[in-house]
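Asks: Listed here are the chains, written in short residue letters.
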Amino acid sequence: MLRQAAIRLPIRSAAASRRFSTASQPPATPEVDTTFVDSWKKMIPNLDPPNTPSAYMKPRPPTPSAIPSKLTVNLALPYSSLLSSKEVEMIIVPATTGQMGVLPGHVPTIAELKPGLMSVHEGGEVSKYFISGGFAVIHANSYADIVAVEAVPVDRIDPAAVQKGLSEFTQKLNSASTDLEKAEAQIGIDVHSALNAAITG
Amino acid sequence: MAMSALRREGRRISPMIYTNQIPSIRSSFFSSQEQVYPGARYISTQIVRNRMKSVKNIQKITKAMKMVAASKLRQIQSKTEKSRGLWQPFTALLGDIPSVDVKRNVIVTISADKGLCGGINSTSVKTSRAVNKLNAGSDKENKYVILGEKAKVQLIRDSKDNIELCITELQKNPLNYTQVSAIADDILKNVQFDALRVVYNKFASVVSFLPTVSTVLSPEVVERESEAGGKLGDLDSYEIEGGESKSEILQNLSEFQFSCVMFNAVLENACSEQGARMSAMDSSSRNAGDMLDRLTLTYNRTRQASITTELTEIISGASALEA
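In order, the protein sequence lines correspond to chains A and B. Counting in this note's numbering, the first sequence runs from 1 upward without gaps. Counting in this note's numbering, the second sequence runs from 1001 upward without gaps.
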């Protein structure tokens, strides 16, 4: 009986280690749309089927049964990924309906963002970024993806330039004649007032 | 006939071999050189020297082009790698279903404006034609939107009526998001679509370019697919914050996704173009180097042969006088 237990033990630990090792490696079999590949191979046998974007990204982990302790945040911009798979405690994003706080275990949400302040809370430290508009998507597995066009850390904003921009756009609004010009001036004012609030607040 | 003689000679250069059998049209070509003895194989050193000079120039030019492509690649590669995080959130949310069945497909083919970049433009065009064929059907309409001269030239030959929009000279100014989002806006306004399929070459490494198809669905199709279940089935479980209605948010999401996917695709294709040009120019300069070696051998052989002939004349003349 002891021998049986001894035989079973290494098998279990091997299974555990196998499970552990595959999680840390990049996906061996990325998600591929098999219907696409099959229909391609039937209709166009001479050409290899092209790859699709899901082959180039790591698949996301499935929804865990218990609420995880940390939120994983990705902040993606066209020119860089400011945060990629960073584990934090909480983030606050400027949704169009107001500031929205996100904790691990948040309900899955798609939020449209307006220009404003985003803060990332990690172990007592808060880093603040000013975001132009974009989208924030919170998944069920406590992954938060924020896609924005521009994001700058708040300490890099120049207050003099903000004031100048604000007065410039207020002037433009007053002198605007067409609806398009009025809308553009209004957008400029909104962004600059949000910038103002971000540096002062 | 002359060409087969040349091939038997083992890769001598064509217009230079001159035998007795070749008709006299050629003799005018050779009038400026040394005398030809009947039955002798003779190449003029002048011609070989000219040929060597031009091959050396070609080698220099292709080497320079390779350096230029390498520096452009370095600049654009860092931008491309940073933009790779941009489309991933959308794929994570909306999934990647190239096998989706829709009526109006628009194939956005991305290619280079300049040539001499290996086979990547042909690969893009072949892939787009294949995607077109895959999605063909009696009630379906497929349209093309083409970015880049090279694909335009190829696709205009057989799909002229299906081309909606052609955009060229993308890389006049360094690629940036504002420019690409303006193009994306243009496409979204002018073209009716249910699914947009962006065909480009993804930059895997300096020698490897993978043809890729990214699918962006219109908001109506997204709703339809999420109701039908399957890969987009969980979309309904997401709460919507902001905006007035779900369809408005989905519309904005789809447009933003398209501009992000386009930005990454354009950058990746530009990187692939520079990488392909580097390897094409590299093999070209190597080939020119080989040709130069062969020409040098021919030149030396010819030079030595003419010296030997001269010596032989003198000696036989002298021995004739003695005897």
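Just to be clear, a hint being listed does not mean it is correct.
Claimed, not checked - Mimicking DSBU-like on lysine-lysine, the simulated pairs with C-alpha atoms at most 35 Å apart in a straight line are: (1) 1152(B) <-> 172(A); (2) 114(A) <-> 1079(B); (3) 1056(B) <-> 41(A).
Stated by the list, open to error - Sample of chain A residues lacking proximity to chain B, with all beta carbon distances greater than 12 Å (derived): (4) 60; (5) 106; (6) 122; (7) 153.
For the record, the hints were derived by calculation from the structure and aren't laboratory data. We put the beta carbon where it would ideally sit given N, CA and C, even for glycine.
Asks: Look at each hint and say if it fits the structure.
Replies: Evaluated hints:
1. For the given pair, residue 1152(B) sits about 42 Å from residue 172(A) by alpha-carbon distance, which is inconsistent with the 35 Å threshold.
2. For a cut-off of 35 Å, the pair hint linking residue 114(A) to residue 1079(B) stands: about 26 Å separates their Cα positions.
3. A hinted pair counts as satisfied when its Cα atoms are at most 35 Å apart, and residue 1056(B) with residue 41(A) does not qualify at roughly 46 Å.
4. Not every C-beta of chain B lies more than 12 Å from that of residue 60(A), the closest at about 5 Å, which undercuts listing it as non-interface.
5. The claim that residue 106(A) lies off the interface is violated: its Cβ sits roughly 9 Å from the closest Cβ of chain B, which falls inside the 12 Å cut-off.
6. Distance to chain B confirms residue 122(A) as a non-interface residue, since its nearest Cβ pair spans about 19 Å, more than 12 Å.
7. With a least beta-carbon separation of about 17 Å from chain B, residue 153(A) lies farther than 12 Å from that chain, consistent with its non-interface assignment.
Checked against the numbered hints given earlier, this structure breaks hints 1, 3, 4, 5; the rest are met.
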